[in-house]
Amino acid sequence: GEDVEQSLFLSVREGDSSVINCTYTDSSSTYLYWYKQEPGAGLQLLTYIFSNMDMKQDQRLTVLLNKKDKHLSLRIADTQTGDSAIYFCAESKGYQKVTFGTGTKLQVIP
Amino acid sequence: GAVVSQHPSWVICKSGTSVKIECRSLDFQATTMFWYRQFPKQSLMLMATSNEGSKATYEQGVEKDKFLINHASLTLSTLTVTSAHPEDSSFYICSARDRLAPESRETQYFGPGTRLLVL
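Chains as they are written, first to last, in our numbering: chain A, 1 to 110; chain B, 111 to 229.
In short, the hints are calculated from the structure, not lab data. These figures come from a predicted structure and were not determined experimentally. Check before you lean on any hint, since a few could be wrong.
In silico SDA-like pairs for lysine to any residue, Cα to Cα no more than 20 Å straight-line [claimed, not checked]:
1) K93(A) to Y24(A)
2) K97(A) to V172(B)
3) K36(A) to V172(B)
4) K97(A) to T142(B)
5) K105(A) to V19(A)
Go ahead and model the full structure; you've got the sequences and the hints to work with.
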């Protein structure tokens, strides 16, 4: 079955870059996502990448995909206090269900 | 952008009562909606997939008679927690897929969640 794992916690100083890592087990995943969840709120899709890509950049966000190692990362440049949240990695195959990782809590220190 | 709303945003109820949660796609039509449950400090667990005009598909371990799902229109799905108990207390999140989204773009739009507390 599908399994998506993330480290639980990351702390960075404001202005530094944050890198959140994720590993997944299903090699047939076609879409990989990063979601942000602020306290008490729902999920916000930050970005997603097709499995045939190895990088996607969107303003301060850079997603790197190593399909061979089944490793996905999210880099946030110039991290701000407003970036403090829980970040979920997720995967799906086409229109099938999305499987979420355990979430990484990002703490930004002013 | 696509907006999904949930109502209510939070609810407190007595044990044994039933609670209905609504999930609406506000500016798009969704043939498929998903219901997730999230326990504190944990990830989202898919409970069921709701398809407009047909029966929902439940994930293993989710009691369909306990969590009734109705997807009567292209913009509304409801989740009813029947005979709620304290262990049903959780954060329930729905998501919806835009039926007109190009096949090359796979996204689900998430609602803000409903926090349920059963006393």
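Now the hints, each set against the structure:
The suggested pairing of K93(A) with Y24(A) holds, with an alpha-carbon distance near 13 Å, which does not exceed 20 Å. Taking the CA atoms of K97(A) and V172(B), the gap is about 15 Å. The hint holds against a cut of 20 Å. Restraint check for K36(A) and V172(B): not satisfied, since their Cα atoms lie roughly 26 Å apart, outside the 20 Å limit. Using a Cα cut-off of 20 Å, the hinted pair K97(A) and T142(B) holds, with the two alpha carbons roughly 11 Å apart.
At roughly 12 Å between alpha-carbon atoms, K105(A) and V19(A) fall within 20 Å of each other, so this suggested pair holds.
Checked against the numbered hints above, the structure breaks only hint 3 and satisfies the rest.
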